[in-house]
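Participant: Residues per chain, in single letters:
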Amino acid sequence: MSDAHADDIRKHVKTYMMVFGTLMVLTVVTVAISYLHLAVHEAIIIALAVATVKGSLVALYFMHLNHERKLIYYTLALTVVFFAFLMLIPLATVSDRIVQRY
Amino acid sequence: MEIPYTVEVRPDTGLSNGKLGVWLFLSSEVMLFAALFSSYILLRVGSTEWPHGYEELNVPMAFINTIVLISSSVTMVMAWASLKMNDFGKFKLYLGSTILLALVFLVIKYFEYEHHLVAGEGPWHSTFLAIYFTMTGLHGLHILGGIIVNGYLWGPGAKMWKTEPERFTNRIEIAGLYWHFVDLVWIFLFPMLYLL
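So the protein lines, in turn, are chains A and B. Numbering-wise (this note's numbering), the first sequence opens with residue 1 and increments by one. Numbering-wise (this note's numbering), the second sequence opens with residue 1 and increments by one.
Be aware that one or more of the hints could be misleading.
Stretch-level coverage of chain A by chain B, calculated; a stretch enters the list once three of its residues show a Cβ under 8 angstroms from a Cβ in chain B [stated by the list, open to error]:
1. 21-27
2. 45-54
3. 64-73
4. 87-93
Derived by calculation from the structure, the hints in this document are not laboratory data. The C-beta atom is built at its ideal place from N, Cα and C for all residues, glycine as well.
Use the sequences and the hints to build the structure in full.
Facilitator: What follows is the structure, given as structure tokens:
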């Protein structure tokens, strides 16, 4: 393995440590926010936003999605579509008349 | 028969077969967990009352577990980076740490489960605990799977480093992709179940 390559990896390692620090801070932030006992809607939006940032950091840096082959992006794009669809299914209950009666 | 494209990339995909394979597997895993996330939303929206996670569950324990799992993701990626830098000793140290942290996660989870079960509050107790046990149980099985695979790669599987170092490095990379995914799922499970 060439020295230039090893240098590249050393740079990566620095990035990993920065991501690690950020993830730790965001974990504390998530828990701290929960102690504020915000209204449910606000709490959900903030908690999911922080979790999304954390998840993205893991995916981009630890899973190397910041520089990956196109085929993997295509596969994941398709997965995102199906994922979004599955998340929207519960919305169908809004039009459920039995639920509305209560 | 020799498994093709374990080291060199396949010309049409631009990837080694193992890497593409693990990403396809992870895509199916996303859908598996998505089905449960969707069920959670459906159950919560459809119920007349839903407890705050922090009233039912032990937040400090789950907070420590979050720290443990994120740390294990870092040691996992460092295990791969160590192989890339030709440092097998550090690789053993980092992958060993990953396995130990995963075990710590399961031990803490065991104490959480025990607390509920001793009080007679199993998954049958409420809808909240039913989805809690289902989701954390499935996640826990993934942790266990990761321990088995990483344990093999740390122990007997590590012999491959001497004969086919690049192939072994690729194995660690894809085992890492799986492990980071398990971490990623927990990053969402923690606030969803414990904090909201």
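Participant: It remains to establish, for every hint, whether it holds in the given structure.
Facilitator: Comparing the hints with the structure gives:
no. : hint  : result
1   : 21-27 : holds (count 3)
2   : 45-54 : holds (count 5)
3   : 64-73 : holds (count 4)
4   : 87-93 : holds (count 4)
Figure legend: structure checked against the earlier numbered hints; every hint is met.
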